[in-house]
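What follows is each chain in one-letter form.
There are 2 protein chains.
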Amino acid sequence: MAEDHRRPVIGDAFGTILKRCMDVGVAAGVAHEIVERDDGYLGVGDAVRYFAADDEWSPVDRWACDRATGRVLDVGCGAGRHALPLARKGHDVVGLDASPGAVDVATRRGVTAVLGTVEQLPPALGSFDTVLLLGNNLGLLAGPGHARTVLANLAAATRPGGRLLGTGLDPHHTNDEAHLAYHDRNRQRGRLPGQARLRIRDGAVATEWFDYLFVPLAELRELLAETPWHLRQAFEHEAGYAVHLDHRP
Amino acid sequence: MAEDHRRPVIGDAFGTILKRCMDVGVAAGVAHEIVERDDGYLGVGDAVRYFAADDEWSPVDRWACDRATGRVLDVGCGAGRHALPLARKGHDVVGLDASPGAVDVATRRGVTAVLGTVEQLPPALGSFDTVLLLGNNLGLLAGPGHARTVLANLAAATRPGGRLLGTGLDPHHTNDEAHLAYHDRNRQRGRLPGQARLRIRDGAVATEWFDYLFVPLAELRELLAETPWHLRQAFEHEAGYAVHLDHRP
Numbered sequence: 001m002a003e004d005h006r007r008p009v010i011g012d013a014f015g016t017i018l019k020r021c022m023d024v025g026v027a028a029g030v031a032h033e034i035v036e037r038d039d040g041y042l043g044v045g046d047a048v049r050y051f052a053a054d055d056e057w058s059p060v061d062r063w064a065c066d067r068a069t070g071r072v073l074d075v076g077c078g079a080g081r082h083a084l085p086l087a088r089k090g091h092d093v094v095g096l097d098a099s100p101g102a103v104d105v106a107t108r109r110g111v112t113a114v115l116g117t118v119e120q121l122p123p124a125l126g127s128f129d130t131v132l133l134l135g136n137n138l139g140l141l142a143g144p145g146h147a148r149t150v151l152a153n154l155a156a157a158t159r160p161g162g163r164l165l166g167t168g169l170d171p172h173h174t175n176d177e178a179h180l181a182y183h184d185r186n187r188q189r190g191r192l193p194g195q196a197r198l199r200i201r202d203g204a205v206a207t208e209w210f211d212y213l214f215v216p217l218a219e220l221r222e223l224l225a226e227t228p229w230h231l232r233q234a235f236e237h238e239a240g241y242a243v244h245l246d247h248r249p
Numbered sequence: 250m251a252e253d254h255r256r257p258v259i260g261d262a263f264g265t266i267l268k269r270c271m272d273v274g275v276a277a278g279v280a281h282e283i284v285e286r287d288d289g290y291l292g293v294g295d296a297v298r299y300f301a302a303d304d305e306w307s308p309v310d311r312w313a314c315d316r317a318t319g320r321v322l323d324v325g326c327g328a329g330r331h332a333l334p335l336a337r338k339g340h341d342v343v344g345l346d347a348s349p350g351a352v353d354v355a356t357r358r359g360v361t362a363v364l365g366t367v368e369q370l371p372p373a374l375g376s377f378d379t380v381l382l383l384g385n386n387l388g389l390l391a392g393p394g395h396a397r398t399v400l401a402n403l404a405a406a407t408r409p410g411g412r413l414l415g416t417g418l419d420p421h422h423t424n425d426e427a428h429l430a431y432h433d434r435n436r437q438r439g440r441l442p443g444q445a446r447l448r449i450r451d452g453a454v455a456t457e458w459f460d461y462l463f464v465p466l467a468e469l470r471e472l473l474a475e476t477p478w479h480l481r482q483a484f485e486h487e488a489g490y491a492v493h494l495d496h497r498p
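Residue numbers (our numbering), protein chains in the order written: chain A, 1 to 249; chain B, 250 to 498.
Bear in mind the hints are in silico, worked out from the structure with no lab data behind them. Do not rely on the hints blindly, as some may be mistaken.
Keeping only pairs whose Cα atoms sit at most 20 Å apart, straight-line, the calculated EDC-like set for lysine to aspartate or glutamate is [what the hints assert, rightly or not]:
1. K268(B) to E177(A)
2. K338(B) to D378(B)
3. K19(A) to E208(A)
4. K338(B) to D304(B)
5. K89(A) to D54(A)
6. K268(B) to D176(A)
7. K268(B) to E282(B)
8. K19(A) to E426(B)
9. K268(B) to E457(B)
10. K19(A) to D425(B)
11. K338(B) to E305(B)
12. K268(B) to D353(B)
Use the sequences and the hints to build the structure in full.
In structure tokens, the structure reads:
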């Protein structure tokens, strides 16, 4: 009996969580995002944070968002927490998300949002002055090999002289034994320590597994070598950091 | 790679969640209880509800708690949300919980709490006027066979003329397809539809699997046949209900 456990259904768990939070008028305590790591670790966060106003953002997200200029591509826009205030300030903002539910929620909130991924950007997006990878979405670089593809794709969508503003987390700011064991396991498998294999779960539904990269700022610099992106400024706050990259083809 | 998923470590996930909530001064949004069902369904609740004051309890828990008399055994006491106000009203209350962390938290909050289960009550508890199974802890009846053992054990700890006050949930008040499919699966296996196989998860840790019974009030009556417990009163509120059982050996 105990071994006859079914697997969750594959679906848009992330979008479902955002929709549930929005459908109750964006309240805390209603919809929770469960992040499962492939060692069995489960983390939980309230979905309401995806709707947070700028005074509730992390200092690194605020630092990065303040530096947006011109036409903006918000990668992994979620419910549009960053896109909305930027649009209100007069920027032409396009939100991009791999979750149909997130695109739906962002659209309902007034964001111009499209379905797509950084692996394969939708056609006809046009060119941008700023690309955003906020909410730790530097994690979408996924890993050393993948990062080159993603950074090339984002460069192709950015005007020369444009910028990439992103935030990330240093995985080594932890004493949690489960995290430290996970880093060791990654090293043994030839992965970066903070290269997390994750999926989002909600009720009976799970997304597909995906890689999400937590990397120290020093190692992020190395990932930028031989790409069209040059690190201009960085800002660190506790385990988090923000970077301002210049597009110099 | 995707198939090399480790299993969580077995441990006191429930107690850890309660401790984390208490250690931040009992705040919402910090510690979440993840309940995993053996079909892969995950539910989430904020641990702060285990610390809720009586004006935040469900109507059925309030109804049941109001009927406590004399010396009280609070089965599955958790952080002591029911035991504390009863002790304040002058009752001699003993909390019982299978989670060492819950016993620790309840004790730190001033509850007389002991480690143990309804399958094997600790020795020397003495005799009680009231046994409580609140917070839907009629679920600890677990299933038809198990219910007889639990009800006999609780009767042995209760004075003749004493009472059992418990709350439960009717599993059929749902339109959720995942729940309905789970009920069907249980029927096919000869289990009651609402006989859920669950474990609590937190980070890298999971409890052992256990059965927890959601049963309509009408079927609870049948489980009481040929036990020393007689249904005296019941109160229903939406999917929930409370029962007052008399101990008539």
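Verification of the supplied hints:
Under the criterion of a C-alpha separation no larger than 20 Å, the hint pairing K268(B) with E177(A) is consistent with the structure, at around 18 Å. For the hint linking K338(B) to D378(B), the alpha-carbon distance of about 15 Å falls within 20 Å, and the restraint holds. In summary, the hint linking K19(A) to E208(A) is supported, as the alpha carbons are separated by about 19 Å, within the 20 Å threshold. Of the supplied pair hints, the one linking K338(B) and D304(B) holds, its CA atoms being roughly 15 Å apart against a limit of 20 Å.
Between K89(A) and D54(A), the direct Cα distance comes to roughly 13 Å. Compliance with the 20 Å bound is thereby established for this hinted pair. For the hint linking K268(B) to D176(A), the alpha-carbon distance of about 16 Å falls within 20 Å, and the restraint holds. Of the supplied pair hints, the one linking K268(B) and E282(B) holds, its CA atoms being roughly 12 Å apart against a limit of 20 Å. With a CA separation close to 18 Å, the supplied pair K19(A) and E426(B) stays within the 20 Å bound.
Our distance criterion of 20 Å between C-alpha atoms is met by K268(B) and E457(B), whose separation comes to about 19 Å. This hinted pair checks out: K19(A) and D425(B) have alpha carbons roughly 16 Å apart, not beyond 20 Å. Distance check on the hinted pair: K338(B) and E305(B) sit about 18 Å apart at the alpha-carbon level, within 20 Å; holds. The hinted pair formed by K268(B) and D353(B) meets the criterion: a straight-line CA distance of about 8 Å does not exceed 20 Å.
Hint check: no violations occur; every hint is consistent with the structure.
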